[in-house]
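Top line first, the protein sequences correspond to chains H and L.
Each residue of the first sequence is one higher than the one before, counting from 1328 in the working numbering.
Each residue of the second sequence is one higher than the one before, counting from 4 in the working numbering.
Simulated restraints on C-beta separations:
1. L:Met181 with H:Asp1595: 18 to 24 Å
2. H:Thr1673 with L:Asp72: 28 to 34 Å
3. L:Ile100 with H:Gly1417: 53 to 59 Å
4. L:Leu92 with H:Asp1485: 39 to 45 Å
5. L:Leu92 with H:Gly1581: 50 to 56 Å
Straight-line C-alpha distance at most 35 Å; calculated DSBU-like pairs for lysine-lysine:
6. H:Lys1486 with L:Lys68
7. H:Lys1404 with H:Lys1814
8. H:Lys1621 with L:Lys68
9. H:Lys1404 with L:Lys68
10. H:Lys1404 with H:Lys1653
11. L:Lys68 with H:Lys1472
12. H:Lys1653 with H:Lys1814
13. H:Lys1561 with L:Lys123
14. H:Lys1653 with L:Lys68
15. L:Lys272 with L:Lys154
16. L:Lys68 with H:Lys1649
17. H:Lys1857 with H:Lys1604
18. H:Lys1804 with H:Lys1653
19. H:Lys1814 with H:Lys1678
20. H:Lys1649 with H:Lys1857
21. L:Lys68 with H:Lys1561
Calculated directly from the structure, the hints in this document are not laboratory data.
Ideal Cβ positions, reconstructed from N, Cα and C, are used throughout, including at glycine.
Read off the chains here:
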Amino acid sequence: MKHLLTPRALLLASAIALAPAAFAETPADTLVVANDINDIISLDPAQTFEFSGNDVNRNTYDRLVDFDPLDMAAGFKPALAESWQVAEDGMSITFTMREGVTFHSGNPVRAEDAAWSLQRAVILNKTPAFILTQFGFTPENAGEKITFDGNTLTLSLDKPYAQSFVLNCLTAMVASVVDKELVMANAEGEDMGNTWLNTNEAGSGAFTLTSWRANEAVQLAAYEGYWQGAAAMKRVIIRNVAESSAQRLLLEQGDIDAARNLTPTDADALREVEGVKVEDQPQGRILYLGLSQKDELLSNPAVIQAIKHLVDYDGITGSFLKGMFKTRQSFLPEGYLGALDENPWTYDIAKAKQLLTDAGIEGGTINTSVRDLREYVDVAQTLQASFAEAGLTLNIEQMTGAQSLDAYRARQVPIYIGEWGPDYSDPNTNAATFAYNPDNSDEAMATGLLAWRNSYAVPEAMNEATVAATLEQDGDKRAQMYLDIQKQYQAEAPLIPLFQRIANTGLQENVQNWNIGGAVTSVMYHQVTKGE
Amino acid sequence: MAATDTDPGGRGQTPPPSASDRSAARRRRLRNIAGTLLSLALTLLGLLLVTFIIGRVMPIDPVLKVVGDRASQAQYDAAYQAMGLDRPLAVQFLGYIRDILSGDLGRSISTGQLVVNDIKRVFPATLELATLGTFIGVSIGVPLGVIAAAKRGGLVDQVARVVALVGYSMPIFWLGLMGLLVFYGILGWVGGPGRQGIIYDGMVPTVTGLILVDSLIAGDWGAFRDAFSHIILPASLLGYFSLAYISRMTRSFMLEQLSAEYVTTARVKGLSERAVIWRHAFRNISIPLVTVIALSFGSLLEGSVLTEIIFSWPGLGQYITKSLLAGDMNAVLGGTIVVGTCFIALNLLSDLLYRVLDPRSK
Chain H
1328 MKHLLTPRAL
1338 LLASAIALAP
1348 AAFAETPADT
1358 LVVANDINDI
1368 ISLDPAQTFE
1378 FSGNDVNRNT
1388 YDRLVDFDPL
1398 DMAAGFKPAL
1408 AESWQVAEDG
1418 MSITFTMREG
1428 VTFHSGNPVR
1438 AEDAAWSLQR
1448 AVILNKTPAF
1458 ILTQFGFTPE
1468 NAGEKITFDG
1478 NTLTLSLDKP
1488 YAQSFVLNCL
1498 TAMVASVVDK
1508 ELVMANAEGE
1518 DMGNTWLNTN
1528 EAGSGAFTLT
1538 SWRANEAVQL
1548 AAYEGYWQGA
1558 AAMKRVIIRN
1568 VAESSAQRLL
1578 LEQGDIDAAR
1588 NLTPTDADAL
1598 REVEGVKVED
1608 QPQGRILYLG
1618 LSQKDELLSN
1628 PAVIQAIKHL
1638 VDYDGITGSF
1648 LKGMFKTRQS
1658 FLPEGYLGAL
1668 DENPWTYDIA
1678 KAKQLLTDAG
1688 IEGGTINTSV
1698 RDLREYVDVA
1708 QTLQASFAEA
1718 GLTLNIEQMT
1728 GAQSLDAYRA
1738 RQVPIYIGEW
1748 GPDYSDPNTN
1758 AATFAYNPDN
1768 SDEAMATGLL
1778 AWRNSYAVPE
1788 AMNEATVAAT
1798 LEQDGDKRAQ
1808 MYLDIQKQYQ
1818 AEAPLIPLFQ
1828 RIANTGLQEN
1838 VQNWNIGGAV
1848 TSVMYHQVTK
1858 GE
Chain L
4 MAATDTDPGG
14 RGQTPPPSAS
24 DRSAARRRRL
34 RNIAGTLLSL
44 ALTLLGLLLV
54 TFIIGRVMPI
64 DPVLKVVGDR
74 ASQAQYDAAY
84 QAMGLDRPLA
94 VQFLGYIRDI
104 LSGDLGRSIS
114 TGQLVVNDIK
124 RVFPATLELA
134 TLGTFIGVSI
144 GVPLGVIAAA
154 KRGGLVDQVA
164 RVVALVGYSM
174 PIFWLGLMGL
184 LVFYGILGWV
194 GGPGRQGIIY
204 DGMVPTVTGL
214 ILVDSLIAGD
224 WGAFRDAFSH
234 IILPASLLGY
244 FSLAYISRMT
254 RSFMLEQLSA
264 EYVTTARVKG
274 LSERAVIWRH
284 AFRNISIPLV
294 TVIALSFGSL
304 LEGSVLTEII
314 FSWPGLGQYI
324 TKSLLAGDMN
334 AVLGGTIVVG
344 TCFIALNLLS
354 DLLYRVLDPR
364 SK
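Throw the hints in and build the complete structure from the sequences for me.
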C-alpha cells in the first residue's frame, strides 16, 4: 500500500481526475434553467404563494381556464373546462368539462375533481384561498356553493360578479385541479392531503414532478399523455443558482439554457456574447412608495404631491435600476385590463419646493426604515438627497426583509419602499389592495391591504368604485372604471407607484418561445422548443 | 529498597495489578465515559437553549414566512397557534427537547420538509466539501509550515508568508468568483456551480449522500469525474484558507521545537536534518497540530456559507443561514445539533489522538 501512494502515483491520479470533464451542451430535449428557487416552501396549489412554487405548479397542474403561452394578449381561454355558461342573473357559472383528459396517475379528470379542488382550497384556507373566497365561498358553504353534476361544475356566487373577474381568478394557481383519489389516498387526518401535496404533485399538467430537492433543484418530466400534446422538452431541470454572475458563467459555458436572475450588468454583458440572447419581459411587480398617513407631515396633501416630484424617475431607471425597472406611475401593471399608461409626474425639485412653500411647510424630518435590498436602499438614498434639496430630512434605517415587513404590517413604517406583485390576472388584484380600505381603524387589522398598512382612509367613492368594477359585466365599461380609479388615485393617494419590474432572462440562442408569463401569470415550459 | 509502584521513571519492578486494582480501573473508566457523555449532553443542551432563545427574541416573525405577506389576521392567528408560538417559551423549549429525544426535529417552514430529511441531504454535501478542503489544507499546509520553519527566512518561508497573508486577507467571495471565472469560465478545467453536471444529476443512487463515494460505490467513473470536477474548485478554495491557517500554526509550533535542547542534542549526535525535523521535532508538534486541524475542519463544516452560495452548493452552512433569516427555528436548531455534535465529536477525536500520539497521556 505504501508503494502505491508514491508522489508520482498521486500526481498521476490528480492529473486524471483534474482533466477537463467533457462539458457537453445541454441535451436537445432538455431545458436547463438556473433560478433562485430558495423561496419554495410548498408545492400544494392550495398553499403555494411563492414565485418559484407557482412556476412549478403552473406546469404540473391544469386549471379550468388558462392562458395560451403563444397568445397571451388573448387572455384566458378554455382549458380543462371546454365551455362555460353564466346564469342570466349573473349569480352562477356552469362549466362543462373537457372529455378524455387524464391526470398523471391515469385517473380521468372529472368535474368532481375540479369541484373538490376548489372546495379543498377554500376549506384549507391557506394564504391564496382569498382569491376564491372573495366570491362568497367559505369553508362552511363550499360544499353547497361549488357543486358538480355529471360532467358539469357550477359555482354559485354571492354577487353577480363580472365574468372576466371570476374567470381571471380561476387562472390563478390556487384554482388548479388536483387528482382527488390520489390526494385522498395520501391524506393524513383532516389535512386533505396537504402534507403530502407539499412535496408531491397530483396534476394533469404538461409536466410531472420528478423531484424537488429544497434549495437545490426541481426536475420535471414531460407528460406524454398531455391533452394538448406532449411538450417538446422531455425534461426541465431548474437548478438553484442564486448568484447572477454564476448564472452568467453557466450560460456562457452552455451548461444551462436559461438564466433567470441576471443583474442588469450581467444581462448587458450577455447581450454581447455570441450564441446567447437576452429577453426582457415586463413583470407584474410594481415598486412603490407608501406614505403612512399616521405621520403628521406625510399626511399633508402638499407633502404627498411634493414627494411625487422628488423622485428622479429617469435618473433612477437610467442608472442603478437600468434594465430592471421602467417608470410606471399607476398601480396596475402594463398588460392588465384597464391599466393606465400615463406617467404624469416628473422629477422637479423647484415644483416640489413650491408646493411645500405654498402649504407653509418650511422643513421637517422623517425617520423611516428600508429593507436591506440593494435596489431599495439605492432608491432610499436618492430620495434622501432630493428630500434634502427640498428642505426635508430623511433618516433611513436598514432592516432585513422580515423585520421590515413586520413593521409595515404593524403600520409602523413612515415611508415604505417595496414591491407589490399581483396575485391573479384581474385588475381587481391591485385595485383591491391599493384603492380599497373600508375600515381604516387599527382594530380592523386589515394587514393584507396596502392602503390599510399605510393608514390611508380610501375615500368612500373610491371604495365603492373598486367594488362596482368587480360587478361590471361589460368589458369596455369595466376597463374604463379602472382607468378612472387610477386617475383619481394618481391625483390624491399617498401610495405612489414608481416603477414596474422587468425580467431579464438570458437564453441560449436556440431556445424558442420562452415565456415567463408576463405580468399576469407564471413561467410556462410546454411551448418551449430548442432549435439547432 | 524503595522501588515502588509510584516510581515515575518506571524503572522499578511493578507488581502485577490485583483484582481490586483492575476493578477500580474499570470503575474509573466507566466514570470517565459517563462524565464525558454527561458533559456532551449538557453542552448540546446549553447550545440548544442559547440558540432557541436567540431565535425567539430576534425580530423576525416565522409566522409570516408560513402564511405570506397577503395573509389576513385570522390566517395569521391560526398559523401562530398551529406553530405553538402562543405557549410560554419554557413550554416551547421543553416540548422541543421532548420531540428531539424521540427523534423528531420537526418540520422546516422554509422548505416544508422534515428537518431530519433536509439535514440528511445538506450535511453530506458540506461534509464532502469540508473533508476535501481540509485534506488539501493539511497536505499542503503542514509540509509548507514545516519547511518554512526549517528554512526560516528562506524562499519557502517567504512564499508561505505571502500565501498565508493572501489567505487571511482576501475575501472568499471575490476569490470564489475569480476562481470560477478563470478555471471554469476561461480554462474549462473544472465543472461549474452545483455538485454535479446536468447529465449526472440524480443518476447515482444515494447511499451515503457523498457523491464522490456514492459514484464509486455505483462503479460510475464518469459520475465520479463529474462530481470531482465540480468539487475540486470550492474544496481548493476552502483548502487554501485552511492551509493559510494550518501552515502558520505549523511553522510556529516547529520553530518552538527546533529551538529546544533535544533538537540540538540530536543534531550533535549526527542525525540528518531530515531525521531531526520529521522524526523528532515534527512528532512533538503533532499533538497541538491535531487540535488546529480539528478546529479548522469544524469551522469549515459550519462556516463556509459564502463558498456554498457562490458555488450553488446545497450545504449545511447555507441551510442554517437561510433558515435563520427566515426565523425557521426548527431548521436552525436541527443544524445547530449537527454542528454542535460535530464539534464535540472532533474534540473527542482529538482527545483520542492525543492518547495515540502522546504516550504520556496513557
